[in-house]
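> Protein chains in written order, with this note's numbering: chain E, 7 to 118; chain C, -5 to 107.
Careful: at least some of the hints might be erroneous.
Here are the simulated DSSO-like cross-link-like pairs (lysine-lysine), alpha carbons at most 30 Å apart as the crow flies [to be verified]:
1) E:K48 / C:K58
2) C:K58 / E:K105
3) C:K35 / C:K60
4) E:K73 / E:K8
5) C:K49 / C:K14
6) E:K105 / C:K14
7) E:K8 / C:K35
8) C:K60 / E:K105
9) E:K48 / E:K76
10) E:K76 / C:K35
11) E:K105 / C:K49
12) E:K48 / E:K105
13) C:K35 / E:K48
14) E:K105 / E:K8
15) C:K35 / E:K62
16) C:K14 / E:K48
17) E:K73 / C:K35
18) E:K73 / C:K49
19) E:K62 / E:K8
20) E:K105 / E:K62
21) C:K35 / E:K105
22) E:K48 / C:K8
23) C:K58 / C:K35
24) C:K60 / E:K8
25) E:K48 / C:K60
26) C:K8 / C:K35
27) C:K35 / C:K14
28) E:K73 / E:K105
29) C:K49 / E:K48
30) C:K8 / C:K58
31) C:K58 / C:K14
32) E:K8 / C:K8
33) C:K60 / C:K14
Short derived list, chain E residues pointing at chain C, Cβ under 10 Å [as the list claims (entries may be wrong)]:
34) G49
35) E51
36) G111
Rather than coming from a laboratory, the hints here were simulated on the basis of the structure. Cβ atoms here follow ideal geometry from the backbone N, Cα and C, with glycine treated the same way.
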Amino acid sequence: QKEVEQDPGPLSVPEGAIVSLNCTYSNSAFQYFMWYRQYSRKGPELLMYTYSSGNKEDGRFTAQVDKSSKYISLFIRDSQPSDSATYLCAMSLYSSASKIIFGSGTRLSIRP
Amino acid sequence: GAVVSQHPSRVICKSGTSVKIECRSLDFQATTMFWYRQFPKQSLMLMATSNEGSKATYEQGVEKDKFLINHASLTLSTLTVTSAHPEDSSFYICSANWDREQFFGPGTRLTVL
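Use the sequences and the hints to build the structure in full.
Right, dumping it as structure tokens:
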């Protein structure tokens, strides 16, 4: 069993839709949860960073962490074609500056 | 700020040759850098943690004699793939720590013929 499971997609939605991306994990010791966006042939860039359980909102993006279920989500409201990318969930025991375990990534396409 | 560069962006080499990939933090100093490998449609897998002035720490299953890492300064880490084979073809990405966050480079695509 992988430490972090993520549906690879691809996921295609119309512009303006709400997108829900999810990951599950097995190691209950993870404390830091991140979402990265990766465009084709580029390095990932940090979108959201959450410590422990709870919600965090940043503009059109909302990250949720449910440690009791070992389940994290990223919601994108009013999705735009420019949001088309691969979204990677990631988690760490100590911080985003230490060893990070990535999910396999979900390819998202927003149709104009 | 917090920009990480990699050179080259892509490289093609013959089987059996060695390839060096550079990772630089352009506007900050990084005592710790990480090297990842990403196969097509797969996730980033951590290969090793590179600390300035000391030996790298390799993840289980990564051959340290094949993937040589040198972190000689606070702004530069290098990954040398020795005696490369086609199965080493992959996307290699580095990251550098700054202000409790990892900043990723744009990646290097290695193709071994």
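> Take the hints in turn and mark each one as holding or not.
Going through the hints against the structure:
Taking the CA atoms of K48 (chain E) and K58 (chain C), the gap is about 26 Å. The hint holds against a cut of 30 Å. For the hint linking K58 (chain C) to K105 (chain E), the alpha-carbon distance of about 18 Å falls within 30 Å, and the restraint holds. Taken as a hint, the K35 (chain C) and K60 (chain C) pair is honoured in the structure, with Cα atoms around 24 Å apart against an allowance of 30 Å. Using a Cα cut-off of 30 Å, the hinted pair K73 (chain E) and K8 (chain E) holds, with the two alpha carbons roughly 17 Å apart.
Under the criterion of a C-alpha separation no larger than 30 Å, the hint pairing K49 (chain C) with K14 (chain C) is consistent with the structure, at around 17 Å. Annotation: proposed proximity of K105 (chain E) to K14 (chain C) holds, straight-line Cα distance about 23 Å (limit 30 Å). Restraint check for K8 (chain E) and K35 (chain C): satisfied, since their Cα atoms lie roughly 16 Å apart, inside the 30 Å limit. A distance of roughly 21 Å separates the Cα atoms of K60 (chain C) and K105 (chain E); the hinted pair therefore holds under the 30 Å criterion.
A C-alpha spacing of about 29 Å is found between K48 (chain E) and K76 (chain E), which places the hinted pair at or below 30 Å, so the restraint holds. In summary, the hint linking K76 (chain E) to K35 (chain C) is supported, as the alpha carbons are separated by about 24 Å, within the 30 Å threshold. A distance of roughly 17 Å separates the Cα atoms of K105 (chain E) and K49 (chain C); the hinted pair therefore holds under the 30 Å criterion. Distance restraint check for K48 (chain E) and K105 (chain E): the Cα-Cα separation of roughly 20 Å lies within the 30 Å cut-off, and the hinted pair is therefore satisfied.
Restraint check: the Cα-Cα separation between K35 (chain C) and K48 (chain E) comes to about 13 Å, which is no more than 30 Å; the hinted pair holds. Taking the CA atoms of K105 (chain E) and K8 (chain E), the gap is about 16 Å. The hint holds against a cut of 30 Å. As the CA atoms of K35 (chain C) and K62 (chain E) are separated by approximately 28 Å, the hinted pair is consistent with the 30 Å bound. Taking the CA atoms of K14 (chain C) and K48 (chain E), the gap is near 19 Å; set against the 30 Å cutoff, the hint holds.
For the proposed pair K73 (chain E) and K35 (chain C), the alpha carbon gap of about 27 Å is at most 30 Å, so the pair holds. Only pairs whose Cα atoms come within 30 Å are accepted, and K73 (chain E) paired with K49 (chain C) is rejected, the gap being roughly 35 Å. At roughly 26 Å between alpha-carbon atoms, K62 (chain E) and K8 (chain E) fall within 30 Å of each other, so this suggested pair holds. At roughly 22 Å between alpha-carbon atoms, K105 (chain E) and K62 (chain E) fall within 30 Å of each other, so this suggested pair holds.
Under the criterion of a C-alpha separation no larger than 30 Å, the hint pairing K35 (chain C) with K105 (chain E) is consistent with the structure, at around 21 Å. As the CA atoms of K48 (chain E) and K8 (chain C) are separated by approximately 24 Å, the hinted pair is consistent with the 30 Å bound. With a C-alpha separation of about 25 Å, the suggested pairing of K58 (chain C) with K35 (chain C) holds against the 30 Å cut-off. Using a Cα cut-off of 30 Å, the hinted pair K60 (chain C) and K8 (chain E) holds, with the two alpha carbons roughly 26 Å apart.
At most 30 Å may separate the alpha-carbon atoms for a hinted pair to count; K48 (chain E) and K60 (chain C) meet this at roughly 25 Å. Our distance criterion of 30 Å between C-alpha atoms is met by K8 (chain C) and K35 (chain C), whose separation comes to about 24 Å. Restraint check for K35 (chain C) and K14 (chain C): satisfied, since their Cα atoms lie roughly 24 Å apart, inside the 30 Å limit. For the hint pairing K73 (chain E) with K105 (chain E), the CA-to-CA distance comes to about 19 Å; that is within 30 Å, so the pair holds.
With a C-alpha separation of about 28 Å, the suggested pairing of K49 (chain C) with K48 (chain E) holds against the 30 Å cut-off. Of the pairs offered as hints, the one joining K8 (chain C) and K58 (chain C) holds, with about 21 Å between alpha carbons and a cut-off of 30 Å not exceeded. Only pairs whose Cα atoms come within 30 Å are accepted, and K58 (chain C) paired with K14 (chain C) is accepted, the gap being roughly 14 Å. Simply put, K8 (chain E) and K8 (chain C) have alpha-carbon atoms about 33 Å apart, too far for the 30 Å limit, and the pair is violated.
Using a Cα cut-off of 30 Å, the hinted pair K60 (chain C) and K14 (chain C) holds, with the two alpha carbons roughly 12 Å apart. At about 4 Å, the closest approach between the beta carbon of G49 (chain E) and any beta carbon in chain C falls short of 10 Å, and the interface hint on this residue holds. Restraint check, E51 (chain E) versus chain C: the minimum CB separation of about 7 Å is within 10 Å; hint holds. Because the closest C-beta pair between G111 (chain E) and chain C is about 6 Å apart, less than 10 Å, the hint holds.
Of the numbered hints given earlier, the model fails hints 18, 32; all others are met.
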